[in-house]
Amino acid sequence: MAKNKAVVVGALGVIGRKLIEHLGTLGDWEIVGLSRRSPDFESAASYISVDLLDRADAEAKLSGLADVTHIFYCAFQARPTWAEHGAPNLAMLVNSVEPIAKASKGLRHVHLVQGNKIYGSHLGPFKTPAREEDPPHMLPNFYWDQENWLRVNQKTATWTWSALRPQTVCGFALGNPMNITTCIAVYATISKELGLPLRFPGKPGAFNAVYQVCDSQHLANAMTWCGTDERAANEVFNVTNGDFFRWKNVWPQFAKFFDMEVGDIQTIKLSEFMADKAPLWDSIVAKHGLQRIPYDQIAAWPFADYVFGTDWDVMTDTLKLRLHGFQDCLRTDAMFDRIFQEFRDMKVIP
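Letter by letter, the sequence shown follows residues 311 to 660 in our numbering.
What the hints contain is simulated information worked out from the structure, not anything from laboratory work.
Since the model is a prediction, treat every value here as computed from it, not as a measurement.
Be a bit skeptical, because a hint or two may be false.
To be verified - For each label pair, taking beta carbons as the anchor points, the in silico distance ranges come out as:
#1 Pro445 <-> Asp377: 33 to 41 Å
#2 Asn518 <-> Gly374: 47 to 55 Å
#3 His598 <-> Thr466: 53 to 61 Å
#4 Phe351 <-> Ala376: 24 to 32 Å
#5 His432 <-> His598: 32 to 40 Å
#6 Gly635 <-> Ala388: 31 to 39 Å
#7 Phe351 <-> Ala393: 33 to 41 Å
#8 Ser581 <-> Ala366: 35 to 43 Å
#9 Pro604 <-> Pro398: 21 to 29 Å
#10 Ala413 <-> Trp622: 42 to 50 Å
#11 Ala370 <-> Lys313: 22 to 30 Å
#12 Gly416 <-> Ser348: 25 to 33 Å
#13 Ala596 <-> Ala543: 49 to 57 Å
#14 Ala543 <-> Pro398: 23 to 31 Å
Said to hold, decoys possible - Think about it this way: if two alpha-carbon atoms lie no more than 25 Å apart in a straight line, the pair counts; the simulated PhoX-like pairs of lysine-lysine are:
#15 Lys502 <-> Lys597
#16 Lys513 <-> Lys558
#17 Lys558 <-> Lys502
#18 Lys315 <-> Lys412
#19 Lys587 <-> Lys566
#20 Lys371 <-> Lys313
#21 Lys415 <-> Lys465
#22 Lys566 <-> Lys579
#23 Lys566 <-> Lys513
#24 Lys630 <-> Lys427
#25 Lys412 <-> Lys313
#26 Lys465 <-> Lys630
#27 Lys437 <-> Lys427
#28 Lys558 <-> Lys579
#29 Lys315 <-> Lys465
#30 Lys502 <-> Lys566
#31 Lys566 <-> Lys657
#32 Lys415 <-> Lys313
We treat Cβ as the ideally placed atom computed from N, Cα and C, and that holds for glycine.
Generate the whole structure from the sequences, applying the supplied hints.
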């Protein structure tokens with residue numbers, strides 16, 4: 311019998327999907343995934359379709375989850391403004407934790423995935439490298455609301471909590487709004503099909519700025535460590551691959567992987583210029599016998615516009631995580647090649 315029972319909230323996103331896959335390899339975890347839709351892949355987890363914005367639905371679906379030892383919260387719902395983000399994203403956390411904690415008296419840990427937008431990384435230049443003790447940007451910020459709720463409620467609870475702050479998680483998931491690796495792979499594939507060189511579509515400043523990312527497997531390892539190591543109890547950590555890079559230095563590597571010429575910078579709005587490419591993508595899928603993934607689910611161009619428009623340094627200090635005992639790290643350039651090859655092996659790209 312599994313000695314741990316995890317509930318993964320936001321189970322089908324790039325973070326939740328990889329965490330479930332990782333926990334499934336460890337052998338001592340029973341896993342339950344929460345999402346609004348059914349999984350599109352085989353999994354060791356059982357899944358519950360629940361609307362976490364509906365407290366009655368959450369109570370009805372989650373009150374029977376006994377013996378849960380861990381909650382890993384990695385769900386997110388976008389809203390037009392930061393002020394509007396707050397209420398729904400806090401409600402989803404509360405509506406998942408409270409019913410499960412009430413039904414599972416042995417709950418030991420609640421883990422929250424945040425992000426570097428808590429420092430204002432999305433707004434413009436900010437203090438770098440950012441550290442966990444730095445104040446948030448001018449509120450509102452739903453990450454701060456969620457963290458404060460956990461801090462307050464943990465004081466009267468038997469469980470502990472932790473939070474990780476990754477930057478630009480890289481991996482694979484369908485319909486995920488924040489996944490730069492699929493955007494790069496699809497953009498390169500379409501550019502190649504059109505006979506174009508691999509041009510950098512973002513701002514010149516972004517091409518030269520310092521940036522960082524976090525591999526989804528690396529994040530899953532860190533989340534598991536946070537949930538099971540007492541040194542992580544009631545702590546917040548930045549997490550990235552552990553290195554920094556500039557797009558200008560990895561762009562030729564991408565071109566080499568896709569067997570393309572490197573082009574100049576040509577700033578375009580991908581959400582506009584890629585909007586009419588569904589028929590072309592369908593023809594590429596047919597031509598190469600790829601998975602028939604709907605074009606609108608494979609890449610989120612507004613997120614790519616955001617990443618490639620970030621013309622300021624994005625850097626966080628990850629020493630706290632290392633000093634507390636999690637020592638894993640990896641090279642980002644090698645990660646990109648590995649993930650692109652995984653996409654190729656999965657027949658997502660040719």
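Here's how the hints hold up against the structure:
1. Hint check: Pro445 to Asp377, Cβ distance near 39 Å, so the stated range 33 to 41 Å holds.
2. Taken as a hint, the range 47 to 55 Å holds for the pair Asn518 and Gly374, whose Cβ atoms sit roughly 54 Å apart.
3. For His598 and Thr466, the Cβ-Cβ distance of about 57 Å falls inside the hinted range of 53 to 61 Å, so the restraint holds.
4. Between Phe351 and Ala376 the C-beta distance comes to about 27 Å, which sits within the given range of 24 to 32 Å.
5. Taking 32 to 40 Å as the suggested C-beta distance range, the pair His432 and His598 conforms, at roughly 35 Å.
6. Taking 31 to 39 Å as the suggested C-beta distance range, the pair Gly635 and Ala388 conforms, at roughly 34 Å.
7. A hinted range of 33 to 41 Å holds for the C-beta pair Phe351 and Ala393, which are about 36 Å apart.
8. In this structure, Ser581 and Ala366 meet the distance hint of 35 to 43 Å, their C-beta atoms being roughly 36 Å apart.
9. Distance hint for Pro604 and Pro398: a CB-CB separation of about 25 Å, consistent with the stated range 21 to 29 Å.
10. Restraint check, Ala413 to Trp622: a C-beta distance of roughly 45 Å satisfies the suggested window 42 to 50 Å.
11. One distance hint, 22 to 30 Å for the beta-carbon pair Ala370 and Lys313, holds here, with the actual separation near 28 Å.
12. Taken as a hint, the range 25 to 33 Å holds for the pair Gly416 and Ser348, whose Cβ atoms sit roughly 29 Å apart.
13. Checking the proposed 49 to 57 Å range against Ala596 and Ala543 shows it holds: the Cβ atoms sit about 52 Å from each other.
14. Distance hint check: the CB atoms of Ala543 and Pro398 are about 28 Å apart, consistent with the given range 23 to 31 Å.
15. As the CA atoms of Lys502 and Lys597 are separated by approximately 14 Å, the hinted pair is consistent with the 25 Å bound.
16. For the hint linking Lys513 to Lys558, the alpha-carbon distance of about 11 Å falls within 25 Å, and the restraint holds.
17. For the proposed pair Lys558 and Lys502, the alpha carbon gap of about 19 Å is at most 25 Å, so the pair holds.
18. A C-alpha spacing of about 15 Å is found between Lys315 and Lys412, which places the hinted pair at or below 25 Å, so the restraint holds.
19. Restraint check for Lys587 and Lys566: satisfied, since their Cα atoms lie roughly 23 Å apart, inside the 25 Å limit.
20. Restraint check for Lys371 and Lys313: the C-alpha separation of about 23 Å stays at or below 25 Å, so the hint holds.
21. Taking the CA atoms of Lys415 and Lys465, the gap is near 16 Å; set against the 25 Å cutoff, the hint holds.
22. Under the criterion of a C-alpha separation no larger than 25 Å, the hint pairing Lys566 with Lys579 is consistent with the structure, at around 24 Å.
23. Our distance criterion of 25 Å between C-alpha atoms is met by Lys566 and Lys513, whose separation comes to about 22 Å.
24. Using a Cα cut-off of 25 Å, the hinted pair Lys630 and Lys427 holds, with the two alpha carbons roughly 18 Å apart.
25. For the hint pairing Lys412 with Lys313, the CA-to-CA distance comes to about 20 Å; that is within 25 Å, so the pair holds.
26. A hinted pair counts as satisfied when its Cα atoms are at most 25 Å apart, and Lys465 with Lys630 qualifies at roughly 23 Å.
27. Taking the CA atoms of Lys437 and Lys427, the gap is near 12 Å; set against the 25 Å cutoff, the hint holds.
28. In summary, the hint linking Lys558 to Lys579 is supported, as the alpha carbons are separated by about 19 Å, within the 25 Å threshold.
29. As the CA atoms of Lys315 and Lys465 are separated by approximately 23 Å, the hinted pair is consistent with the 25 Å bound.
30. Our distance criterion of 25 Å between C-alpha atoms is met by Lys502 and Lys566, whose separation comes to about 12 Å.
31. A hinted pair counts as satisfied when its Cα atoms are at most 25 Å apart, and Lys566 with Lys657 qualifies at roughly 19 Å.
32. Using a Cα cut-off of 25 Å, the hinted pair Lys415 and Lys313 holds, with the two alpha carbons roughly 15 Å apart.
Violated hints are absent here; each numbered hint is respected by the structure.
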